[in-house]
Amino acid sequence: MDVVDPRPVLAPLLSFACAALVFAVGESVFWRRFWTFLAAGAKLLVVLSMLPGTLAGTVYVSHVVTFTPGVSIALRADAYGMFFALVSSTLWVLTTVYAIGYMRGDKDRVRFFGFFALCVSTTVGIAFAENLLTFFLFYETLTICTYPLVVHAETPQALRAGRIYLTYTLLGGGFALIGSVMTLDLAGTLTLSQHGVFAADTPTLALAAVFVALVLGFGVKAAIMPLHGWLPIAMVAPTPVSALLHAVAVVKVGAFGVTRVIYNVFGAEQLQTLGFAPPLALLAGFTILAGSVLAIRQDHLKRRLAYSTISQLSYILLGAALLTPLGALAAIMHVANQAFAKITMFFVVGAIAKETGKTHVSELAGIATRMPWSMAAFTVAALSFVGLPLFAGFTTKWYLALGALQADAWWFVVVMLASSFLNAAYWFPILHLAYFRAPEAPTDGANDARGGAGAGHPHRWETSKTLLVPIVICAAYVVLLGVTAEVPGMPTSVAVVAVERSFGLEAPLP
Amino acid sequence: MTTLGSTLLPWLVALPLVGAALVPIVARHDARRAGGLTFAVALATTALASILVAQLASQGPFSADLGGWTAPYGIELRFDRFAAWTMPLAALFAFVIPFSWRYLDGTLPRERWAPFYALLLLNLGGLLGFSVTGDLFNLFVTMEVVSLSSYALVAVAGRGVAAWAALKYLLLGAVSSLLVLFAVGLLFALTGSLNLADVSARLAAAEPSGAALLALASLAVAFLVKAAVFPLHVWLPDAHAIAPSPVSAVLSGLVVKVGIVGLLRVLQLAAGTGIALEPLNAVLMVLGATAIVMGAFLAIFQDDIKLMLAYSTISNIGYIVLGIGLASPFALIGAFVHVFNHALIKVTLFLAAGAIIHQTGYRTLSDLHGVARRMPQTAAAMAIGAVSIVGLPPTAGFVCKWYIALGAFEADQGGYGFALVFGALFIFVYYVRMLDAFFFRAPVRPEVAAAVEAPWSMRAPVLVLAAACLVLGVLGGIPIGFVEPAVVDLLAALGR
Amino acid sequence: MTLFGLDLDYVACVVLFCVGLYMLVAKSNLIKKVLGLNVMETSVFAFIVTSGMIDGGQEPIVVAGSAPPYTSPIPHAMVLTGIVVAVSVTAVALALIAQIHAHYGTIEVDELKELP
Amino acid sequence: MKTFALVLVLVVAATMVIGIAGLPPHGDPDGPIHTHVGARYLERGVAETGVRNLVTAVLLVYRGFDTFLEVVVIFTALVAVLALPSATRRPPPARGESTAAPRRGSDDAVPVSPVVFFVVRLLAPFIAVFALASLYRGHVTPGGGFQSAAIIGAMMIALGLVFGREHAARLVPHGAKAWLQALGPLAFAIIAFVGWRLTGAFLGFPADEAAHALREAMVVVLEVAIAVGGAVILAQLFMALDAPS
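Protein chains in written order, with this note's numbering: chain V, 1 to 510; chain E, 1 to 496; chain F, 1 to 116; chain W, 1 to 245.
Okay, chain V solo, but in the shape it has when bound (with noise of 0.2 Å):
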């Protein structure tokens, strides 16, 4: 039941004007923090509100404009955005008092924070976005808007990063522009629908030039392997970017873009004719252990979970390419477990760079001795990666492997198997060398060197609260979505109702 209502509108334009009053009051820290807290506030108060109705069935809708006849801006809060919208009106209270905390004393924080807020604002214009063409323009300012954050240290590395992030995503970007122009021309509309938009008798190989051009255009931001390679030179960007954006608002955009064309322009019904979902499972399935096994490998801890962030991501896109209902609830239910997961990852591995300086594995021997708290939420993190029960990881694998039974593609329960070991191989030495190796001792003062002016603090207990904060309160959501899977009103439900509404497949869940 579509109701027109002004609040998908409202959201996202909570943060663009939340966007033009940093770049305009940003000198003052004050009003600074003021209209960012307002309105990020305002805009998950915004969300919210809708909620219900999203519970109910209703689904809210708004038109910007139209400018011809099939080609308007328009936006929907269906089920499955709403279901992304929260989560990142969420992280963005979160990741702004992080942030706060960790640009203190940075140069350049009015072009931060501005810069900051417009990427959240587009990345709920992508999750209301009612046809392709909306999630296009939002898509594309996306990619624009996280460049200055990306250069933002404005070194050599910095800006060498961001000119192969600018490469990779514009070339996404084009690939989608065609494969949104392919779709116009083909179906004749744009608009996102339940069961898909093309008729039954379009060529199938046309079909398939659309869809390899969604799937490269969006891929390229969900990062499948081979085209992942921007993702771990982006690291380079400042932690709470790294965290809000390459865990969560950037690379989600691109899963979500690809589930949205899997169900919402093909349809799964046609895509099991077609039979070009396989392909993208095996792809998925390929990056999910390429990803991990790279990630072994890097010690610098950043890339470690950006390899990390490519191998979870890609467990989006294999729930969403079985075509099953289980598999499709699993992959919305990651889109919220990893980004709590990997964000809390990213807060720890933040404070601790800022804290001590130190921003590689073999640098954090005994290092919950001086951080516990901090330890023990990365701890919850990489427990919930590993997929132990009561931890959010877990529910997704679980749905996972049903979803792969229900598709028959037995081998997909062992990858996720295969995945399991592969995480707890990456993770675990770091919670060795943390809880169960001395630190070593200060040799000549190298590690306070790296850190620069972060590295101030010696003898503070932990961190300043404005890290620690975040920090905790994510690591608890982590155990909350584990333990609360299925009690109803719980985000489960929101992707249940999603896996039905959005995506027009039977309820996964009785």
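Don't read these hints as lab results, they were simulated from the structure.
For every residue, glycine included, the Cβ atom is placed at its ideal position computed from N, Cα and C.
A hint or two may mislead.
[Claimed, not checked] Pair ranges (Cβ atoms, derived): (1) G56(F) <-> R40(W): 15 to 25 Å; (2) L198(W) <-> D412(E): 56 to 66 Å; (3) M1(W) <-> R160(V): 42 to 52 Å; (4) L8(W) <-> G106(E): 41 to 51 Å; (5) R40(W) <-> A12(F): 26 to 36 Å; (6) R160(V) <-> P376(E): 15 to 25 Å; (7) V283(E) <-> E111(F): 30 to 40 Å; (8) V283(E) <-> P226(V): 35 to 45 Å; (9) K113(F) <-> P142(W): 43 to 53 Å.
Chains E, F and W: place on chain V using the hints.
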């Protein structure tokens, strides 16, 4: 049947021309008055054009019979939906002129201010006349007003190099003008009429002849030269880069569009004559795609920001020509909207570049490192323009790219869609270098490190235009809605 | 007068046009290029005036003693305008050449190209 | 370059000849030129415009807007030349050339032969009278505003060459120069406005017989403005091209 629209239409053309004649008179004693008068005239022209567009929206196309002689016995001015572009055209002049006020300080000696402003107004008047005229010979004369003032404007501020660039422009431009005159002569000999609609109808009634074909071909070649379509672009880069920045903005944003409006006239002439347009369209598609790629490619090697913008004009004209060649509804809509959107974006870019050059004295990227620290607003406008010219959302440039790409697939020419989308990305390589240099690098030149933001009379136009680039990205439906019926009519007339 | 079905008066115009075009393209001297342009312009004017001729006609001035047929007045009006345009273009071209000469000391394209 | 030029010329020539073969033969009284718009001008021109020279009628009345733009074009040329930097900075003297080469202009000795001097002085008044006659008789004989503008302009240029620029410049009163050079466009604007008030059409001329004198006056104003404005512009163009800064 004299309506408000048809009464005011001739004055739209006459107003800036008469204003130009008055400028040297008013500025006899104080050169600064020239700028004020010119601005007032441009504003009045914009207002007049707005009234006409409003009339058009409420009553549909109208025409004015000059001297009261009904067409084809007199000259007819016609205000249809394509002509609605005269409104933004005049408005862009109203932005360029206040920008010039302070820009001319130190660029031109005072005794040459009045001729400079007069030339700008003549250019405006010529462009307006060219856009609204419904008469072939009048088309030629208005085109000459535009061309002549453009040649001079190129050479206004420089000495040898500028004159040489202007002369190259003049020689090629004069030949293309001559081709237009020759074609007008041919068509007159064939039909005995000079009125566009009448000539078209009479051509349609007669047997298709080689002479008509030659006339249309001459017109097409002439307008392709005027539009600087690759490989007929040789005159453009130097002329547009060497001219003073406000002039570059006018030339690159508006004057090259003479060629495009001219091509539109060729299509209107050919409509219904039974002359097969497929060869022309095929040529236009190839030329357009080549221009997109080559313009972008050549831009990459430029260190001079204005030269780079000049090459990007070649690339963008390629979009428009490709759109016209594809001749499918969406492609034509995209092409014609891009006529305006490209003007807006390019004026923004050249004015922003002009402000930067004026404030720092440097014009190459390697000298301009870190300029955004000292001139953040101008640099931000430049960034918005850069994103827009590449056609990334949510800017004005995207809307056109989207429609032309759509048109390519609609016309079953998907390959051109690829050329369009990725050719545009090609040029972004360069713009990224520019943004890096401006925003993320430390200044290397003391003048840049000590630069200050441009005065408000220069900054305000730049900022407003940059904002317009963003607004038109979201509200792109307005120009599209305006052009769509006209495109449908044109295609119907062409028998598609 | 026709030859092989071609109107020789028109052909003469084409020849003149091509002579001018050759001067414009092949000559290195800028003044000669402008002269070439003028020759081309003249050829087009001649073509237009020719097209307005009528066999046995006289000038279109209706006074006592004149009688039809008259040549068409429109081509004459067009050419008059065309001449003024041509003069204007030539004036601007010469002014530019004077600039070039003042600055470089040469008006030969070959030499201008060798200059930095 | 020469080969390229030849090939280009041949291609252009071939194309044009093929195209021209498709034209109706000229001189044919039944050709489209003589049966369509032109025929009407010949039939009703005198009655509708009151001008016997139909070229003038077409120029000023039927297609007055073109002529308006025409005077704008030549005004543009003047403004264009005035806008350019002065070209008088001479190049460094070439090898072997004497630096004392005589320069034209009144500040230097004018190496003009007495014969030329005398002839120009003698002819100037006659030229002026001829120009006036061409203007005055323009509606019944070949001639008119542009023609007399060219004649007066040529006379002023000749005088300038012989007497030096200062003398010639005195022919145009300095204070009125700005007005005179804009005379063409301004006169057209005024007449267009008057015509608009009288007939409702831009550049309209009253058609009824009663307004005959008014119509005549309007044509005369335009012709005089074209002649004077054109002459001033031509003379100024010449002087600007060779002006010492």
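- Message: A range of 26 to 36 Å was offered for this pair. Does it hold for the Cβ distance of R40(W) and A12(F)?
- Response: 30 Å, holds
- Item | P226(V) and V283(E) - C-beta distance against the hinted 35 to 45 Å | Given range 35 to 45 Å: holds, Cβ gap about 40 Å.
- Has the hinted range 15 to 25 Å been met by the Cβ atoms of R160(V) and P376(E)? 24 Å, holds
- Task: Starting from the range 15 to 25 Å, see whether the pair G56(F) and R40(W) falls in it by beta-carbon distance.
- Result: 21 Å, holds
- Item | Hint check for E111(F) and V283(E) - Cβ pair distance inside 30 to 40 Å | 36 Å, holds
- Query: Is the hinted range of 42 to 52 Å satisfied by the C-beta distance from M1(W) to R160(V)?
  - Reply: Since the Cβ atoms of M1(W) and R160(V) sit about 46 Å apart, the hinted range of 42 to 52 Å holds.
- CB-CB spacing for G106(E) and L8(W) relative to the 41 to 51 Å hint: Distance hint for L8(W), G106(E) holds at roughly 44 Å.
- Whether the CB-CB distance between L198(W) and D412(E) falls inside 56 to 66 Å: 57 Å, holds
- Item | Whether the CB-CB distance between K113(F) and P142(W) falls inside 43 to 53 Å | 46 Å, holds
In summary, the structure agrees with every hint in the numbered list given earlier.
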